[in-house]
Amino acid sequence: MKKDLEQQDTVIEVNQLVTHYGQRKILDGVDLNIKRGEIRVIMGGSGSGKSTLLWHILGLYQPTKGRIHLLGQDIHEISFNDMLKLKQDIGVSFQSGALFSSMSVGENVALPLREFTDLDENTIRIISRMKLEVVNLGGFHKLMPSQLSGGMIKRAALARSIVMDPKLLFFDEPSAGLDPVVASEIDDLILSLRDTMGMSMVVVTHELDSAFKIADKITVLDNGKNLLTGTVEEIKASTNKRVMDLLQRRSRHDKLDPADYLKRLTQENYTLS
Amino acid sequence: MWSYQAIERLGFAMRLFWDSFYWLIIGRRYKQRVRLAQVIEQVRVNGFDALPIVMALSFVVGMMLSIQLLYALSDFGAESQVLLAIAKSVTREFSPLITGVIVAGRSGAAIAARIGSQVVSQEIDALKVIGIVPVRYLVLPPLLGLMISMPLLIICADVMAIFGGALFSVQKLDMSISAYMLESFNVLVVGDVLQGLIKSVVFGIIIVLVGATTGFYVTGGAEGVGKATTSAVVISISFIVLADMIASYFLTQ
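Chains as they are written, first to last, in this note's numbering: chain A, 1 to 273; chain B, 1 to 253.
By construction, these hints were calculated from the structure, which means they are not laboratory data.
Certain hints may be false.
As the list claims (entries may be wrong) - Derived contacts from chain B toward chain A, CB cut-off under 10 Å, selection only: (1) R28; (2) R33; (3) R35; (4) L36; (5) M64; (6) G105; (7) R106; (8) D125; (9) A126; (10) L127; (11) I130.
What the hints assert, rightly or not - Listed below are the simulated SDA-like cross-link pairs for lysine to any residue, each with C-alpha atoms no more than 20 Å apart in a straight line: (12) B:K128 x A:T117; (13) A:K85 x B:D125; (14) A:K142 x A:R114; (15) A:K85 x B:L127; (16) B:K128 x A:Y61; (17) B:K128 x A:H76; (18) B:K31 x A:K142; (19) B:K88 x B:I177; (20) B:K128 x A:D120; (21) B:K31 x A:D120.
In this text, a Cβ means the ideal position worked out from N, Cα and C, and glycines have one as well.
This is chain B alone, in the form it adopts within the complex:
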C-alpha cells in the first residue's frame, strides 16, 4: 500500500513538472499566461528573503570546514592545502547542500502549506471553475522562481563559505584575507562552480515538486496541512541528499 502511494505521488510530481513546462510554452495560446510579476515575487520570497540565513550558515560552514581541515591536514604537514580543499568542497558540495536544506525548510514547507490549505478551503476548486489551471498558477511561478534564485543563492553561499574559511585559516597560513580569497578563486575552475549551480537547479526543482505534491494530496483539514508541511521538508531533504550523491557521481566522472 505504502509503495503504491509512493509511486502514485512520484508519478504526480513528474506530471506536475511536465505540465508546468507545457503551460509555460503554450499557456499564452490558451489564456494561461505566466505573469512575470508572479515569478519575480517568487524570486524575492524564495531567494532574496532566504539570503541572510543562507549567507550566515555558509559562513559558519566555511569556518567549520577550515577548523576540521587544518586539524586533519596538520598530521601530514599539508595545512597549505586547506585553501584548495575548502574552495573545491564548498563550491561542489557544501554550498548547494546547505542551501538546498535551508530552502527546503523555508520554501518547501511554505509551498506545501499554501497549496494544502488551498485544497482544504476549496480554493483549488475555485481556480478550476474560474478556468485557471492550478499547475500554471500555483506551481510554475515558484518552480521558475527557485530555478532562478537557487543558483544566485549558491554564488553568495560560495563566497561567504570561502570567506568563513579564510577568517579562520589566514593566521595559520600567514596570508591576508584578500590574498586568501583571491587565491581561492584562482584555484577554482569553471567546472567546480558549475557543478554547484547545476545541483542547485535540480534541488530547486525537487523542493517545489515535493512541496506541491504533498500540498495537493492534503486531506483532513488543518491537521493534514501540518502533516503535509512536515512531510514536504523531510522528503525534500531526503531527495536532495540522494540527488546530490547521484549528481556528484556523474559530474565527477
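Here chain A stands alone, though its shape is the one from the complex:
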C-alpha cells in the first residue's frame, strides 16, 4: 500500500495556509499534500494548530491566506451545491463524538442518509445497522448517546461518518481519553476501513503509539508551522530538537534556564511563548 502512495493522485492539498485568532497567528504557512488511500497523522503538542488545521480543511473556518483543495476542488471557490456534494464524500469523527443527544445511536447514523438520499426507511435502517456492525456496535442502535461509554461514542461517531461511504475521513483525537485497549481497537478500525474501503484519512492526534501504528506519513506541527513530514521511520530518526522533544514527551520548558524564565515573565511585552 505504502509503496503505491507516491503514484496516487492527490486528494487533499493545502498551500501556504495562514490563519489568526485576533492578533495571534495560529497557522503560519502550512502545506499539506495527501494522496489517495493514505493515512496521514497530524501531530504536535497542545496549541500547535493541528485541530485548527483540521477545521480549516473541513471549511468550518476561513483562513487569512492560503488555498485548500479537497478532491481537486478549491473549497473557497466552489458553489454551495458543489460543496454539498463534496461534503457527502467526507466523513468526520469529532473528539467528543458530537453525536446528536436527542437522537438514538441508530438515528444518528441514519441522519445523513435521511437528509441526502431518497432511500426508503427499510433500506436506511439496514445500512445504518450494517455500519454499526462495522464498528462493533451491532444491536446498540436503540440506545441514546448518554447511555454509551467514551469508546462506544467514538465508534458510533465513526459509524455516522462512514454511512455515506466517503472518500475522505477525518479524525480529531480518535483515541484521546480512552484506555489503551479501546484506543487500540479504534486504531484497528481505522486501518481496516482504509484497507477495506480504500478511504484516505487525516488523523489529528498527540498519542504517539496510535500515530506510529496507523500512519503512512506523519506531519509534525509546531507553533502553527509545518515542522516535518515523513514516514514513521523518518520521524523516529529525526534529529530535529522539537520533534525529539515531542517523541520523548519532553516539555519545551524542561531545559529553560531559570534566569531566562524569570526575565521572560517580568518583561514589558510579555506574550505567549
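Use these hints to put chain B onto chain A, whose structure you have.
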C-alpha cells in the same frame, strides 16, 4: 463594546430570519428540505404542551381584570361596560402579552439551551460537515412551529380570559355565563381578534430568533448555556413588551 455586541447580535438575528425563509423557499433544490414532521413536532412541543398553563393563566388574568374593572367602573355607575372592556383588552392586549411571556419562558429558554448545548458539544459543527444547514435544521422548524401555534394559543387564551371575567362578573351584572360569553363575542369586531393574532405571530418570531441567537453565541460550556437561557428569556420578554407597544400604536391608528 456592549452596544457593538448588541448590534452584532441584532444583525445575526435578522440574518437567521432571512436565512430561515430563504431555505424554506429554495431548500428543496439544495437537498435542504424542511420536514413537515419536524414542524408538527414543534407545534406540539411549543403550542399544544403550553396550552394548559396558557389557559390557566388567561383564566386568572380575565378574572383579575374583572375584579379591577368592576371596582373602577363602579365609581361611574358603569359596571355594565366591564364586559366590553374585558373583551377588548383581552383580545387586543392581555392574551398575546401573557401568552408571549409564558412561551418565552418555556420555548425561548428551551431553544437557547438546546442550540447552546449543541454548540458546546460540537453538534453544530457536525451538522455543518454532514452538509446540513444549521438554520434550516434547528431554527426554521421552531420558527414555523411558533408562527402556527401562537395564534392558536391566543384564541384559546381569549376564550379562557373572557370566561374568567364572566365567572366573576355575572353576579354583579345579573347575567348568565352563556349570555355573558355570547355578548362578549358580539361586541368584538374582527380587528380586535386580528390585532391579537398579528401580535402573537410577531412575538413567536421574536422568541425563536432571540432564543436561537443567544444559543448560537454560547461560549464557556455548561455555565455559558445557563447564562444564554436566562438571557434568552429576559431579552425575549423585553422585546415582546417593546414590540407590543409599537404594534399597539400602529394597529390602533
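Against the structure, the hints:
1. R28: With Cβ-Cβ at 12 Å, over 10 Å, it is violated.
2. R33: R33 of chain B check passes; min Cβ-Cβ to chain A is 8 Å, inside 10 Å.
3. R35: holds, 9 Å
4. L36: With a closest approach of 14 Å, the L36 of chain B hint is violated.
5. M64: The hint is violated - M64 of chain B has no Cβ within 10 Å of chain A, the shortest such distance being about 38 Å.
6. G105: violated, 21 Å
7. R106: With a closest approach of 17 Å, the R106 of chain B hint is violated.
8. D125: Result: holds, 6 Å to nearest chain A Cβ.
9. A126: Where the cut-off is 10 Å and the nearest Cβ of chain A is about 4 Å from A126 of chain B, the hint holds.
10. L127: With a minimum Cβ separation of about 8 Å from chain A (threshold 10 Å), the hint on L127 of chain B holds.
11. I130: holds, 5 Å
12. B:K128 x A:T117: Holds, at roughly 17 Å.
13. A:K85 x B:D125: holds, 17 Å
14. A:K142 x A:R114: holds, 17 Å
15. A:K85 x B:L127: holds, 14 Å
16. B:K128 x A:Y61: Answer holds: K128 of chain B to Y61 of chain A is near 11 Å, not above 20 Å.
17. B:K128 x A:H76: Cα-Cα ~15 Å, so holds.
18. B:K31 x A:K142: violated, 27 Å
19. B:K88 x B:I177: holds, 18 Å
20. B:K128 x A:D120: Between K128 of chain B and D120 of chain A the Cα gap is close to 24 Å, so the pair fails against 20 Å, i.e. violated.
21. B:K31 x A:D120: Roughly 16 Å separates the two Cα atoms, so the pair holds.
Taken one by one, the earlier hints fail for this structure at numbers 1, 4, 5, 6, 7, 18, 20, listed in ascending order.
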